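**Q** Sequence order for the protein chains is Z and D.
Residue numbering for the first sequence is 1 to 430, as defined by this note's numbering.
Residue numbering for the second sequence is 1 to 430, as defined by this note's numbering.
The reader is advised that the hints may include incorrect statements.
Note that the list lumps identical chains together, so a pair holds whenever it fits in one copy or between two copies.
No more than 27 Å apart at the CA atoms, straight line, and that leaves these computed lysine-lysine pairs for BS3-like [said to hold, decoys possible]:
1. K122 - K3
2. K258 - K20
3. K71 - K3
4. K59 - K420
5. K50 - K184
6. K2 - K328
7. K2 - K122
It is worth saying that the hints were derived from the structure and are not from the lab.
Remember, predicted model here, so these are calculated numbers, not experimental data.
As a plain string of letters, each chain reads:
2 protein chains.
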Amino acid sequence: MKKISIGLIGYGVVGSGVIKLLQKKKNYIKDKFGTEFLVKTICDRSIHKKNTSGLAATKFTTDIDEVLHDKSIHVVIELIGGLNPAQKIVTNALQNGKHVITANKSLLAQHGKELFQLAAEKGRHLYFESSVGAGIPIIQTIMKGIAGNTFHGLYGIINGTCNFILTEMTKNRCSFSEALSEAKKRGYAESDPTLDINGMDSTHKLAILIYLAFGKFIKINDIYTEGISHISHDDIEHAESLNLSIKLLAIAKKTKGKIEARVHPTLISKDHPLASINGIFNAIYLDADPLGDVLLSGEGAGQMAAASGVVSDLINLSSHETIPQLQKSLCHEDKTLKTQTIDQIKTKFYLRFMATDRPGVLSKITGILGQHDISINSVTQKVHNNASFVPVIMLTDYTNEKNLRVALDKIQRLPVVKSKPVAIRMEKLS
Amino acid sequence: MKKISIGLIGYGVVGSGVIKLLQKKKNYIKDKFGTEFLVKTICDRSIHKKNTSGLAATKFTTDIDEVLHDKSIHVVIELIGGLNPAQKIVTNALQNGKHVITANKSLLAQHGKELFQLAAEKGRHLYFESSVGAGIPIIQTIMKGIAGNTFHGLYGIINGTCNFILTEMTKNRCSFSEALSEAKKRGYAESDPTLDINGMDSTHKLAILIYLAFGKFIKINDIYTEGISHISHDDIEHAESLNLSIKLLAIAKKTKGKIEARVHPTLISKDHPLASINGIFNAIYLDADPLGDVLLSGEGAGQMAAASGVVSDLINLSSHETIPQLQKSLCHEDKTLKTQTIDQIKTKFYLRFMATDRPGVLSKITGILGQHDISINSVTQKVHNNASFVPVIMLTDYTNEKNLRVALDKIQRLPVVKSKPVAIRMEKLS
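If we strip away everything but chain Z, and leave its shape as in the complex, we get (with noise of 0.2 Å):
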């Protein structure tokens, strides 16, 4: 029986998912993998407030140098989460010899490059399932199940805060803040929802994706990031009437030597796979070569769900005695691969304006938005009821964003228009 020893730093709810996981399913894991894994320590900042009863055989510290310089921890989970200290923790681990797990996107997303090099050089694993949905095996599918392939596209819905947020707001027919109350309410928002609400919890997870997919380490700021908080129940529906669904996708597309990363509310083909990935799934869909397209999906979120993930990367990595190739082929860059802004992107928008209900204001949009080179594929007038502005529903054809930018501002400004144009991306999934 081989064992391996654990040293665990975040006793927050993954944590304590990870220790319940590792304590049930002790004998199955002891049985089918001849692998014991033994919690040494656990170390929190909190840990005196915490409950630990039934982990009679477990050190707890505050001090994470407990961990880090105990020469029987194989391997070290980091689940705190943020870049300080856990990217001093993730360093040392490597540096003092230790396998390191982490579900930690955020610094994978902007140190990952140096962190896969390290822990190539000291010749140890960094396994990272849970930071990007969980335990479903995104990584593990893009890394090993169909290594071989290469992509031209991914697209995911990765964040189960927003997810939830749409779906309600599509089927219970209400409004952003009250969707975002309810998923309050059920544990599925924290309590400052910021960083999924506004995309850049999806920008993180999506540089991950794009490293592995496309070997292109990206700058979170190089990924154009839109929220959701501005989306409308409104466009919801009529965006359901033209059989268009509404997602909060990452994409990253690689087209002649160039790579497009954006995160955005975006609408899709009610009929695609993806539309129907509702509430706090998550999905990721890949465009692989030779394979087509593949879909992935199952939750996203949860304690149980992440354990799942890091619980799968302890026992892939004690089933390798020595470090496998894969985790080297991490450190394969695309150095050619040049990254576009939003700008030089060109997406299909579905663009709703509220204009008075005369003759001529159409024409007036219309000649704006083909001065800029937009073509307008569908018009779509909704019914009046006395109203002194209607909604006026348009989907553009391909569009460079700058000239549409510069439209829209100059159709805000004609009298007959009344508020902002909205104007939502759509996406063309095969």
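Fit chain D to the supplied structure of chain Z, relying on the hints for placement.
**A** Coordinates of chain D only, in the frame set by chain Z:
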């Protein structure tokens, strides 16, 4: 640079796809994985009829021993299918110290147990990703991606031919035989499609998945198997109006130490993600503990999809210098698990009777069902156009299979009922 010598046995559609893919991705694989794959020998009984131009460095033969006894070959790829001589090839290759990759579902379904044991004894890898769902990483996901999870159930659409036919019948309102002709025309059905259509292909794949997920080597004959050739367009249409979709599902569930395994046409809610897996796409839906529901889908057939799985196996296999514990875990069996026969299983049913439209007919039918302890959840009598027999659709509650069979037999003999009643199982997926 690591160099791995390959002996390929079976140079048909998939075999030539593997060679094509290795050539196309040669530089990518070298750069990223530090490995060069050299195809030393290709063996095929009709090699002389095949196009082997552009493969100058490779030796061609019709004699399997030129692969099996060549000490310089590290990995044997077996792609001939069937039991004989595939069983001998895989066995001898492992005995001669070679790693093996196979896509042979019928071999693994029937002799997997001894082959996995032989591989473990000999310290060699036996990889088989393409045996189920071609390159969709179903095998890796269960074995590694979510290692540490146990399973309550698995539900697979794992035969592309059947899924294409059922999709075609639904979409184009055509008959089974029309849809089958279309499948043949498009190359989605073999000239003899018997094993696809009668469900046996799915049964072989299900046996492999059951072993991976539940650690039980189930006998093929213990898996209840029913094909799709008796499905009529009428039933698809009636089901649609009840918000149900029809799929050939491979189902395995574990409850209280017992396992049930079956392959049959199944009605599922149109709202479930599996219902939107159409055409030649395959999908597997896992009910995992603690991860919850996981869905994996993609193209489950075709030259390059299958080649993708073989090449992923090659990369994964060659990336590990020692035989990892995960390979050995394939020999872990749960000997306490009992298999249930179809007669011991309870399912809900969709029933269709063609009955005369006269008072008292419904009560006769429901009377017989009641006598056999079969509860009805809903009855729909379809509109009639002066036809002498009209369809009566009933959805039952959970029903013992044996009771239902006896009841249907009695009902069929009623003078007011025309032809054999139709019974299709329904499955409630969470």
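**Q** Against each hint, give a clear statement of whether it holds in the structure.
**A** Consistency of the hints with the structure:
Taking the closest pair of Cα atoms, K122 and K3 come within 27 Å of each other both inside a single copy (21 Å) and across two copies (24 Å). With identical chains, the CA atoms of K258 and K20 are at most 27 Å apart between copies only, with a shortest distance of 26 Å across copies and 45 Å within one. Taking the shortest Cα distances, K71 and K3 sit within 27 Å of each other inside one copy (14 Å), while across copies they are farther apart (36 Å). Taking identical chains as interchangeable, the C-alpha atoms of K59 and K420 are never at most 27 Å apart, the minima being 58 Å within one chain and 69 Å between chains.
In the homo-oligomer, the alpha carbons of K50 and K184 lie at most 27 Å apart inside one protomer (23 Å), although the nearest pairing across protomers, at 64 Å, exceeds that limit. Taking the shortest Cα distances, K2 and K328 sit within 27 Å of each other both inside one copy (24 Å) and across copies (13 Å). With identical chains, the CA atoms of K2 and K122 are at most 27 Å apart both within one copy (22 Å) and between copies (20 Å).
Checked against the numbered hints listed earlier, the structure breaks hint 4 alone; every other hint is satisfied.
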